[in-house]
Each structure stands twice: as C-alpha cells, then as structure tokens.
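*Asks:* What follows is the residue order along each chain.
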Amino acid sequence: MTSIIAFGGVCIVVAVFGIFAFIFSEVVPLFGKARVEKTATVQFPVTADGLTGLDEWSQLPFHYDGQRTLRFQPVQPSINQPSQVTLPLPDAVTVTSRRFDPEHNRLILGLSDGQVAIYQVKYASSADATGSTVVKGSVSSERLLPLPPGQPLQSVDYKDAGDRKLVAVVQGQGASAKLLVASLRQSRSLLGAGQVKIGESIDLTAKLEGQHPEHVLIPGTADSVIVETDRHEIFYLFLKNSAWELRQRFRPFPGESSPLAGIDLLLGDVSLVTWSDAGDLRIFSLFVPPGETTRLFGQTKSFPALPGGILHYLPSQRNKSFAVANDQLLRICHATTEGVRASIKLSFRPVDLAMDAKSEHLALLDNSGVLHLYQVDDPHPEAGFRAFFSRIWYEGSSKPKHEWQSTSGTDDFEPKLSLTPLIIGSLKGTLYALLFAVPIALLAAVFVAQFMHPDVKKVVKPVMEIMASLPSVVLGFLAALWLAPLIETRVPSVIAIVILIPLISALIGFGWSLLPVRHRNLLPKGSEYGVLIPIVILIAWGGWHLGPILERVFFVTDAPDGSKIADFRLWWPQFTGTPYDQRNCLVVGFMMGFAVIPIIFTISEDSLSNVPPSIISASEALGASRWQVVRTVVLPVASAGIFSALMIGFGRAVGETMIVVMATGNTAIMDTNGRLIFGEFGLGHGQFPLADHWDIFNGMRTLSANIAVELPEAAVHSTHYRTLFLGAMVLFLMTFSLNTAAELLRQRLREKFRIG
Amino acid sequence: MSSLPKYRQQTRGEIQVWLCAAGLACGLLMIGGLLLLILANGATVFWPKPITECTVRAQDGTESKISGEVVKTQLRRTAEGGTKTEIQLFTGNKDAYGLGFRFIDRESITSETQPEDLILAERMEYGDAIFRPVQLKRKDGSTLPATDPRFHQTLQDLVREGNHLRDRILSLEKGRIGKINARIKATELRIKELQTDGKPQAATEISRLRNRITAEQKKFDGLIQESRQLRAQLDDAELVCRLSSGEERTVKTGNIVFFFEPNRLSLGQKIWVFLRRVTEFATSEPREANTEGGIFPAIFGTFVMTILLALLVTPFGVIAAIYLREYASQGLLVRVVRICVNNLAGVPSIVFGVFGLGFFVYGMGSFIDGGAKVPLPPVWWLAAAIGFIVCLTVSLLLAVQSPTPGGESARPRGFASRLKPLVATLAVALGVVTLFQCPYFHGFFSSSLPTPTFGTGGILWASLTLALMTLPVVIVATEEALAAVPRGVREAALACGASKWQTIQRVVLPSALPGVMTGVILAMARGAGEVAPLMITGVVKLAPSLPLDLDAPYIHAERKFMHLGFHIYDLGFQSPDSEAAKPMVFATTLLLILLVVVLNLAAISLRTHLRRKYQASAF
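As you go down the protein sequences, you meet chains A and B in turn. Residue 1866 in the numbering used here sits at position 608 of the first sequence, with consecutive numbering throughout. Residue 548 in the numbering used here sits at position 491 of the second sequence, with consecutive numbering throughout.
Do not rely on the hints blindly, as some may be mistaken.
What the hints assert, rightly or not - Here are the simulated PhoX-like cross-link-like pairs (lysine-lysine), alpha carbons at most 20 Å apart as the crow flies:
id, chain 1, residue 1, chain 2, residue 2
1, B, 141, A, 1822
2, A, 1716, B, 670
3, A, 1715, A, 1783
4, B, 249, B, 231
5, A, 1291, A, 1616
6, B, 275, B, 231
Don't read these hints as lab results, they were simulated from the structure.
Bound-form chain B, shown alone:
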C-alpha cells in the first residue's frame, strides 16, 4: 500500500487499547455484578413478598390449589428436547408437604390469584406456614371462628404471649438452670481432685460437697418443673387452619413466632414487617439446623474474634515493626527478614490453620490442660532453665551496651552486635523448652481430663492463629508509617535532649498512629473474612454459649464459637435443605461483605488522610 491514510499511522494499536478497555470493563462489571447480586438477593430476603395461589391442573385433569411465594421463573429442558417455563414456589408448610419448595410448569397453571386472607406464619418448628385461618381453639374448649372481628387481635395477643413465655423459658434455662449446672459441675470436679489427692481430711470435705450437690440438684429439679409448666402453657391454644390444598391442620399458637397477611399489607406495614424480620435475624438465635431464626451468635462470635485478633496482633506487630525499622541495623539480615515477613502475607491461610492446630491447640492447649506430655528429666530441665537465664541476661546486656543512636543510620558494631540476634534466639528457644517441658507443672485443668479444656479448638486459639496470619499486614503497614515520619521531626526531638525511646514514644509513634491503625483495620478485615483456618481451630456450626457472657470469669477463651463466614459454608453445604437455607445464606453473605467492605473503606480513608497529612507537613 503506497498511500496509507494519515490517520491510520497515528493510531496504530487502537485495537489493543480497546482490548485493554474491554479487560477493565469486564473486571469492573464482574465486581459490580457480584456486589449487586449479593445486595439484590441479600436485601430482599426479608421483604414481604406477595403470595400467589395457583390452580394447577394435573395430567389426569384433576385440579388442585397450592399457594406460595414465587421464587423464580426458569426454563427447563424436557426429555423431548424442547424447553418449558416453570416457576419455583416457596410453599412453606414443610410438615404438610414434606418439602418447602415446589416446581410447577407454567402451562399447567390454570389460574393465579393473590387472595388477601392468606396468612404467612413464622413458626418455631417446620419453618413458615401459609394458610387460611379457620378458628381458634382453647384448651377449655371455647372456640373463636376466623370470621369473628376479634379474631385477629386475639391471635396477635396469643402469639405475643407465646413469645413472652418462650423468652421466660429461655432465660430460666440459660440463666438459673445453667448456673446451677455450672456449680454442680465445679463441685464434682473438686470432689474428683480431692479423691486423687487422697488426704486424710478429704473424706469429710467430700461428704460436705456431696451434700451440696444434692441440695443443688433439688433446686435444679424445682426449676425444671417450673420450666415444664411454662412449656405446658405454650400449648394452651391451637389455631385450626386450612391450607390451599384444602387440608385442615392445627398449629399451636405457642409455636408461632410472628404472622402477617402478605397480600393485605400497605407499604408502611411492609416496611414494618421487613424491619421486624431484620431485627429478628440480627438478634435472635438460630433454629432448625441454622436454616431459620437469627444469626446473633455468629455475629457476636465474629465480633469477639476480630476484636481479640486486633488486641493480639497490634502489640506484636508494632513492636516487631519498630524493631525492624528503628532498632535493627539495616544490614543484609534485616533485609532478608523483611522480605520473609512480607512474603508470609502470601502464605495460604490454611497453612496458618495447620500450624494453629498443631502448635496452639495440641501443643499449648494440652500443655495448659495437663502439663508437659514428655517432660525433661529434672537435671536437664534445670540446665535448660539456667541456660535460659544466662542467655537472657547476656542478650539484655548486649542490648544495653550497644545503644544505636540515630535510628536508621545505625551501623553494625562488630562481633557483639552480630551476636545479639543469635543469643536472643537461643534465649527464646531455651525459654520455650524450660516452660513447655517443665516436669513440675501438671496443668490447670488436669482434673477434668481426658475431656480437654484448652486442648481443643477455641476462640483464643482461632484468634491467635489469625493474629499470626495477619501479623505481616500490621508489620508492613507500621513500617511504612514509621518510614513516612519526616526525619526533621525526629531530629528536632533528639535535639531537645529526648532519648531514642522517648522520641519514638512521644513523637514518632503518635504521628505514625493512623498508619498503624490502617494496618490493624486491614488485618481485621482479612481476619474477619477468613474461614479455612477457623475450620480447624475452633469454629462450630452451633455453639451452646457465647465466648463472652455474664458468668464468671466473663471471658471464656476456651469456648468454641460461631462465625459468619463458617455459617455461610455450613448453611450452604451441610444443611439438610440447602434450598431453604439459601435466603439466609445470602443475608449472612451480605452482612459479612458489608463488614469487610466497611473495614476496608475505613482503612483506605485513613490511608488517604495520612498521605494528605504528610504531604502537607513536608515543608
């Protein structure tokens, strides 16, 4: 081609530019689509949807009615190779139909209505029910037909009363009965301890404790009786109702948590129902193998774990960063250490989980429970202890002897300063041996063995594992923040006669604080969303009690806990009815993503704030 048009030459590679743009467009669409998908599915879970009553004609010509919420419409391949439209209906009434969902061919539906008298009731058992009320039956034999004008109010009152009763039973069982249980258990442990001691005066003590147990047992039986009576009250009234299929069933009003008429709701009422359901989701305990009810324990567990993680990771991360940036001589060794610390951030979380299980749970945990498994012979232990003290003293002496003025510009000072890390490492190693192989320590919980107390997964071990995993994030962020503190500020402080530690403590750290916080928040965000290491270090699908409560000692670091991320996994994959659990999973997912995104946004805004601040103070 002899005469290429001029504009062609100028824009060579335009195709590639557009391809790049397509890559970006895809990336942005993927994120947007994903977030939108979760938002759309998660936020609408609690919004009351209308209930459709369909008349379905079966192949033999008989017609039947069924009602439910339309979940989705989809195409289905038929055996002949064609496609058919079918709708998925959430029918509820699992006790009557066996399944909560049903697929119906669009063709077979002869009519669809949205009758206003249908009621959707959330029950304690068997999930939601969709029905028409017939009458209320009391235990004394009196009935109230649904046509009565007082019917709705009476039902409302009965349901409220039932909720109240259930609250009372719960507080009785968890509160007073739980306390008596704990006391009996503690007394039994004490008896066991006394028995193994075998002291002569133990016998009287044991019989005294036995008497105490008997007394407690009497109280316990009384309370159980009380809760049984309350439970009996729950069964006082029954609601007779008719399903769309024509079947008549009875529901105990004490079994109903909440009910409304979805097709009769005004916008205001819809909002009210929505808010009520959201509140229930966020504050109540799960029911029905986690597929119903709320996720409060999971929210609380995630919260406590994340806070614990932040408390653990911050001091360690900051101290390590200060050491690396301000104290260590910036030689090859520190460079290598820094690269390694950076790269620990890229090590898969499951590896940390494996370490946590092996070291924290089976190592430290069983040590706390029952002392060293293979203790050192006393002589060796004594030698190790002396070695530890010597190494500790030497390394402290070395550290004191070679103060390194001028922070970053410090140079290695010959043999002694090279020896420092070696001696310190030796001190740590000997310290670990001295502590963990002590032949004189037999554990804090040896009386309850072989049932492990700390020697099994728990919130402390999970938090420690995640703290270790997120340590590099904090170290790197803190180091960056420390490096960003202008040199002039330090020099000014030193010139005023401040010691090195005073400079760091009063001047450097405060101005690096936003950076440190960024790191901690990022660590929390990463920790909050991580599930794999938790699966092996202490998360469970249903924890009987919270890790923080009002029973002494208030913080129960050894308890297993529930977690939002694991809840998602458990609901979606291990629940008996994953289709019924799907709305709950989406809602939980939305919550978890909100948590993580909010934490991330906080970190990002802190970071920009920090940058702006130092840009301003450059001169």
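Just chain A, same shape as in the assembly:
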C-alpha cells in the first residue's frame, strides 16, 4: 500500500509539472528554422535557359525550353505519365522574353514580332485504384495579344484583376526601348462574360524622364506598372481616372558601387523586392508616408547580402517567404521577420527555381537539365523572437510597429504576431486594478488586523473571503452592462467621489482628534468604520450629484458651431488627444478591484495579524498611540507579507480573463470617429491601434482575453495556435515566478520571527 501511495503521489506531482512541460513543448517549434531536404531528381533535356514549374502535389513538374516545347515529367514514373506539348505560337516568330506567374500558373511570352502570347499550365488530379494521386498536366492557350507590330519584346507582364486586365511590355533594346501598356476590356452581357478586346496601346516611354526601360512589372491590382530603367532607377506609374501618371521614382541602391540587378514582387503585390549586383536585397512596400495622400514605395526591410549576387528569385504563394539563389547558394527568407529561414550550399548551377502552391516543395533546374526536388518543412516562418517582441515594419503601415492581428479574410494577409501590445494590455489593466484595489485592501487589512474587535473580525474576514470567490464572469457582466453605461456620462462624479472619500474621512479623523477625550470615549475604539459607512454612502451620493456641476465648470469644450458643451466625453479627447471609450480601463480597474481586493486583503491581514503581540504590547507600553504602533512596529514587521500580498494580487489581475473580455470592449464597438476599435468578437480580428499608450479611458486586449477569444478558432498546431500557447506560457511564467518569489519571501519572514 505504502509503495502504491508513494508511486501515485509522485505521479501526480510529476503530472502537475507536466503542464509546463507540455505548453513548452507546444511553443518550441515556433523558434525552429526551416528544414530543407533533397528528395528526388528528374531528368529533362538540356537547354540553355529552361523554365520550370511545379504542380500542387509536386508530382509532375514541367519544363519549358524557352521556345515552343513544354514537357511534363513525373517524379515517380510508375504513377504518372510523361507528356509533351507544343505551344501553338505563330510561325516565324521567336520568344524573346517570358514571365511565369506562379499564382495562376500563367506563362507570358513576349515574341520577336512584338506580340504577347499567354498560356496557362493546368493540372488535374484523380485517385487511381491503389489510392495514389494521379496528376495530369495540360496547357491551355489563354490569348494572343496583337500589340502593334514592332521590335522584339525585351520584358513582358500581364495581370488579370477581374474587371481590369493589363498588359505591359518593353519593346526594343537600349536607347530605342519603348514602354507600352494596353488595357483589355471584356464586354459583359446577360449571357455572361463576352469577348476580350485589347484596348489601344499607350506609349509611356515619355513618363520615364529620358531613361530607358529595361524591365516591367504589374501588381495584382492591374492599375499600375513598375519599371526598372537602364540607370538603375525604379519608376512607379499609376493609372488614375484612365490617365497614367508618374507617382514616384527612386533609386533602391544609391551610389554607383552596387547597381540594381533585379526587381520582383512579393505575395500580395504590395512589396517590391529589389536586389543589387553585390547580392544585397531590399524590400520596398507601399504605404502612405506622413504628409502624403497616396501610397508610395518606401524601404521597409533589408537582408544580408547573398555572397556572389542574386541570380534567381522566387516568391512563395502561401506566405511572405521567398527563395533566392545563385551558383553556389540557395537561401529561403521570410520578408516579415527579415529572417533567413534556411541556407543551402549547391553543387550545381541552377537556371530556374519553382515552388509548389503550398510552399512545401522547391525545385531547382540545373544547367544540365536535371531538376532537383527539395522538400521544405517550414511550418512557422512568421514566428520568432523578432516577430513576438520587437517592432516590425508591416506592409501598408507607415512605420515599424508592435501589432497583433492574427487572422484576416485574405490569403495574402501578413499575420501580425507581436505579443508586446498584449503584454502591455495585461499590465495596463493590472496597473489600474491595483491603483484602485491596493489602497482599499491595505487600509482595510490594517484596520481589521489592528484596530477591530476580534469578535467582529471573525465575521468581516469570511465576508471578504467570499468576495474572492465571486465568479469573474459575474463581475465582467456587471462591468460591461451595468457599470460602463452608468459611469459613461458621469466620469466627473467618479472623480469627485474618489477625491472626496479619503478627504472627508481624513477631515473627520482630524475633527475627531480635536474632540475632548470624554466625547471620544463614547465611540468604542475599533468601530469607526461603522460611523463611516453611512458617511461614505452620503459622500457617494453627494459626489454623484456634484459631478455634473463639476463638469459644467471644468470640462467644457468648444462645439463645432462655437458654443460651449460641458461633456467630459468630448473634453477628454480634446484635452489629451486620446479617445474616450465607454468600456475603458476605469471600468476594468474598478471591477478587477473586486477580484483583487479580497486576495490582497486576506494575505496582508494574515501577515499583519501574525506580528507577535509581545512587540506590540512593548511599544504600547512605551506610550505609542495605536497608529504609531502600526506605523513603527507592525507595518515594518509585516512588510514582507504585505509585499507578497501585492505580488499575488498582481498575479491574479494579470491573468484575469472574463472581466477583461467582457469589460474592455472586445465586442465590436465604434468610437466617435466610427473607427472599429476591436474587431468582431470571436472572429479573431483584433487590432491594436491603442496599444502604444497607457491611457485610462481606452480599452485594451490582454494576453488572457486574447487566448480566450482566439484559441477556439485557431487551427491546431498552426503558428497562430502555437503563438497563443506562447502567450499562455508568458502568463504562466509571469504568475508562477511572482507567486514563488512571494512565497519565498513569506517563508523567510516566518523563519525570521521564529528565531526572533
């Protein structure tokens, strides 16, 4: 029996610590690098500049020889069949430029007679009798765009954004190069989409201010073109009200030492990746710079140079990762975190890269026609210390920020996973809760422990303890549906009450001490609180009605029509520049106070009561008044206990969930400007425009509330899921270490007085 108990006991103790181990094990993969492994090779015919692409299942890569032949070659010949397609190009033309759009598997070819041919590589999959996936590849001819005949095309791009389709080409070479764009129009009728007609082509060479175009790109919105010129500058041309205007020209690599070598887009098409001859890589994103009204490119990231320069670039179709390669090295990077995910030495010279739609496989075609297939295992590229704790310059924002926005509706969304605003939110709520709770709890504890009659104490203490077990969902509900609307218009009243209660109590105390002793003896010592209860009610009532008067005197703002309005809700934003929310920190602090006061009270009362009576008696015998005893003897002796009470109260407030979820406006609430402060509840659309400051009249989101709201929707073992686990681990560590410190302090104190 003994051994069974012992074994069971050990098991339970181990299991309890297993919690931390489990959470830790869920978090660890977030900090891992990408694993890249070579899995297979496929032999294609040798061509000087082949182009390659992969299907979704990485079973049937294709190879385009640069002219008219496109081959599909299976990775496992036992399952899939090789096939070959001849592209139906017009006779007597050659392909002079090409671009492969991996998002739509679209092959865009610029021809020697100035036309553009567009093909789409299509894959279809089915399961065969044995259950393995059979993939079939085919090529469909999308369209041939008859641009005005001219010189061979040097660069070509085409984008289809639904209603708007745009083609852009660079015709000719060197000084005679011309930049042409043409819109495509699709007539729509009741019977569906009709014929696509190419509009008139517009020559934009003049917009380049004397420079000659070399390379052209079209973002996915098909409303602008990005042009690289022979003088290593980038021109950003925008189609506004059917007229082209030059939005911006810039030089990504100023200085002559390292000229621009190439440009391309990142998934989502709002970031431009540029690299120099020396292998430096810089990313420029579209955002509205301060003082401007339109979105312009600005440098947001830079990556360490790839020694030997960058010859090949390939964006991922799943996230903001991209691969770059030259003759010796392959590197996989993640744009958001500016991190190098993997680096591989190559033993061959690649001529083209390809990646499947899920970014799970990478294919490198070498100059001898061999396609090297790599498996890329990088489940959490957007994670890492940088992502969680430092400022990151996200796409579309005008400066680096700490931000949390885990999910969104679009596929090319950049998850923002900074835990900093959540930690600050937690600390902010805790701060206001403690500001409110600590004075009340400590003063009450001192009174109960030192001044109150022991018989009354036996009743008062359990009452306070019951308050500790009030379900927090109840407090949260009261905070949001009762307190928040109640004090929304009465902030001045709250201010008045907060000031008046201690002031009047102190005044009464002062007046009381002036009374002759025989009058004072009428009130038994230790029952002062009984006198104060009706007085506090009276003050609260008075303060409540004093508020509107104060408001009329102090909190007056100018209305737009010039009249004066006495409304605190308008005065606060005007005076401080920070918004005023109905569900703000004041409400949270007050309600969280209900949860924290009993804890601080109970523990500090215990430590105050445990001060040895002998030293109290000794100081009383020396003639100290009862407050002097408390101040000079009891408080110093019990200080460690009180400190540990504060820390445990802090721990409770930091981890409080329901009050914060309900009282801080996790629900969709519009502020005065109609801006959504927090996203739809439960959909995980939280944004933190307010997280950078500690303003009391704002809402916030805390670590704990964030977990409660978002975890049910997070996919198992996704980055989002693991990041929420990281949040839980931070909370765990924070509270566990605080509580341990408090406990050690208390034990030391206990030993100290046992000796003394």
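Given chain A's structure and the hints, the job is docking chain B onto it.
*Replies:* This is chain B only, laid out in the frame that chain A set:
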C-alpha cells in the same frame, strides 16, 4: 507651539486610523452593494409588475397609446445641453413593434393609467405580448368574444391544452424519434466499419443492416407524421387581440405558454405567478436564442461538471497530499514541490484551459478517437514498453525496500531513496510514451472520423481541466488537515501495532476528513464559477442533449454542455438583443452566486467545525 494640549499627543495618527476605517467601509460597501444589486435585480425579475398605459403626444401633436412595464427612469442629455427625464418601457410585442423596449420622454406623456383588462402573455416565439383580448376564433369558425363570461376559462383551457401538446411533441421528438435516429446512426457506422474491413462475409451482413435501416426509416417517418399532426393541433385556435396602439393582431393559443392580467392580480396571485415563473426558469429549456424560457440545461450542466470535477480531484488531491505529508522525506525537494503546488493555485485559469485544449482535447481526445498520429516504429515501441516495465518494477521495489517509519520524521536514506523520484518520473514518462505512441492501437471511434468524438471539447475534458486547476486547493487543504491530526493519536495507533498505512487509513484520514471536504468544497466553488477555461474546452451556448440521460450508456462524457457562467457571458454579449436578455442574465447571475456562496459558506463552517474539534482534543 510650546503648549500642545495633552489630548493631541495621545492621539497622534487618528487621521490615518480613520482613513483605514474608510478603506474598510469602502470594501464592505462594495461587497454589500454588489450583492444587493444582484439580489435586487435578480430576485425581482419574475415578480409580476404592473403595466402602465401611456398616452404619448408626438411632436406634431398626434397622440398615441403604448403600454408596458416601466423598467427604469433616467436622465438624458439633450443636444442643447440640458437634461430630460425619460422612462424605459418594456412594451413586449416584438413582432409588432420590432423592439421589445422603448424610451419615452416624460414630458411627452399626457396621461398614465393602469387598465385592469390588459393581458401579459408569454409566448413561444417573439417574447412576451401585452394586449387586450378581443375574441377567440376556432378553426371550425366559431368565435367567443372577450366579453363572454366563459372567455377567460376557455382561454386558460386552450393554453393548458397547448402546453400539454407541446410536452407530447417534445417527448416524441426527443424520446422515440431521437432513439430511432441514434439506432440508424449506429447501424450506418457499423456498415462503414464492415466496408473498410472488406471481409467476404461482410456483404450479406451489410445488406441485412441496410434492410434494418429501411425499416427504422419507415418507423421514423410514421413518428414524424404523428408529431406533425400534433403540431397542426396547436394551430387550432387563435386569439384576436388589440394592442394599446390600436393595432389588431392574432396569436395562436398554442403559441402562448402562460398568461395573466398583471393589473388585476392580488398578492396571492402575484406570488403564484412569481413561483410559476421561477419554476419555469429553473426547469425548462431556453428559447429564442436563450433570451427566453428556462436555464435547466445550464443548471444541469454546471451540476454534472462540478460533481465530475469533485470525483476527479478528490482522489488525486488526497493521494498527492498524503504522499507529500506522510511519505515523502521532508527535504529541500519536497519543500520546493510544495511551494510549486501552492503557486499553481495562482496560475491564471486560462493557462489551464490552454493546457486542457492542447493536451486533453487535441492530445488524449484524438488519441481515443483514432489512435496515435505519429506512432513509434514497433521496435522502438517495444523498447519503450520494456523500459517502462523495468522502471515501474524498480520504483516499486525501491518503495517497498525503504519503508519510512514514523511519518514526518523520516530522513532520506542515501542514494536509493534519492533515486526513487527519478525512477518514478522515468516510469511515468515511458508509460506515457508506451501508451500514446502505440502503433497497434487505432482508436475507439475511428469509423466516425473525421468527425471527432472525444477529439473536441466535452464535459469530461472540461471537468479534467478544472480538476487540474483546483488540484492545489485540495492538496493544500488536505495537507493542512493531515498536519492538524495530533501526533499522539498516530503514536497510539502505531503503538497498537498498526502499520503505517493502517494508521493513515483508520485513524489519520477519518479525523482529517472534514479538512479534506473543506478543500473539495472550495475546489467545487472555484470550479463552478470559472468560465474562461471552459470556453475553450467544451462549453457551448446551446447543447442539444444533456451529458447524463436515459439513453445507454447514460453518461455521455464526450458531449458538450451548457454552463451557468457561460450562459451569463453568452446572454450578455452574444445575444441579438442584450437589453431583452438582461433580466435573464441577472437571474442567472443570482443563481450562480447563490451556488458559489453556499458552497463557500459550507466550506467555512466545516473549517470552523474542524478547528473547534481539534482545539477540544488538544489535551
């Protein structure tokens, strides 16, 4: 100042004393105010309030009438900066007015009356209705005007009949139809299993099962027909009524749950209405997105979860406490363990929820459903299993070899006893690996995958999570109770020749029982009020079936459940009409607080009882 009055010197610091008193007064007022607020709002929800009919003059001078319960009177700021008094009226008739509540400026009300002929009817749909009856219309064309003396009784009978019919439909749908559904589903699963097995004799079995499904389906259709007929009976009679605004509407009597004339009630009748509404609240199912009807499933869910939690936490907590207090050598390690266990109580509940979701739901749950996701290769698994058995044997041997007489005063006995926890930990770890990465186990519910059975939130996982969260409470309370058992009692038992376990079992544990119970009750109180971890481990806003019922296997540990605390959250924050839900939230809150306070009071009184007992037996 050369001559301070004497009394000033004696009472230095009186201001601070009064400040302390003010702090206490504030604290007490806050608790009192909060409880009073909830009590006042929660208890009066079901009390029938008079209905006021107001004549309101609009700005263009036209007058209209509207009636309802006055909910509150408040001041409103006007655009000009002044204030106006307005009343909030619960008007009901959501189907007619669109909203259940209306704010009316006090100034615009020209007259207020409380007519006795107004009826408040609780309906199955669209909430309450407030109206004057006009006539009853039957399907056969006969009518009964409201002025008829038999009118009231007839309406009463019709409503009663409707309630009866609805009960029958419910029992039909939940009982017989539900059973047939469950049988069909089980048979389908069996067919799926047979198909994946691919045995030769399966084909005949499958066709037999298919026939059975067809037969069941026929029965099912018959029952559906029956319930449809019952439903049609509900529409037999209509009540034509006139709202205060003058509009005439019809209400099917089968739609009315309960009705009364609020302005005509005597005190006795009011009490009767109150009790009826309270009973309905406590025993019936929610309607109208939880804003109407009762909360029985939530009460039941909370109850089952709390009991399950107590059943799970008690043995583990007590065993751990006995080990820590009676068996473990009281060295540095045990001290550290004790501090850590204590501090686990301070870890936020949401962290336990996260653990519960990751470990219980996605770990153990999906393992039960479909076996190990990444099983060990057989060789490795065999090695782990052998390692587990070896470690288990060694740790049991070690435990047997070093019995530690004298309980607390045991001292560590060198290397072997230091090794003990290490080997035990290793045994547990290897055991976990052996169990969870077994390559030969493919789950109990693999045929219903990818629909998870245990691999999603459920009452078992929620209870386990909360049990883990409240484990420290039980451990600490039990340890304290064990420590409070006088040494003399133990020594007496040992002197009589009892072994250590006999002493603990027969002497120590019984006298520590009140302390253990205190801990368990406190754990239940904490668990009952906790919501955050439940939100991610299995609570739902509306559960179709209870976790305990009369269908085999009676206890459905995998089912999702409803909970009072989550009900509050859901009603207050996710219901379409939070204003209409407010009374229900307050009532639910009152119930939850009562539950928690009663549990706490029980724990406190047990504790004082325990203290008194040991104070008495000190000598």
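*Asks:* State for each hint whether it applies.
*Replies:* How the hints compare with the structure:
1. In summary, the hint linking residue 141 of chain B to residue 1822 of chain A is supported, as the alpha carbons are separated by about 19 Å, within the 20 Å threshold.
2. A hinted pair counts as satisfied when its Cα atoms are at most 20 Å apart, and residue 1716 of chain A with residue 670 of chain B qualifies at roughly 18 Å.
3. Restraint check: the Cα-Cα separation between residue 1715 of chain A and residue 1783 of chain A comes to about 14 Å, which is no more than 20 Å; the hinted pair holds.
4. For the hint pairing residue 249 of chain B with residue 231 of chain B, the CA-to-CA distance comes to about 26 Å; that exceeds 20 Å, so the pair is violated.
5. Taking the CA atoms of residue 1291 of chain A and residue 1616 of chain A, the gap is near 18 Å; set against the 20 Å cutoff, the hint holds.
6. About 18 Å separates the Cα atoms of residue 275 of chain B and residue 231 of chain B, which keeps this hinted pair within 20 Å; it holds.
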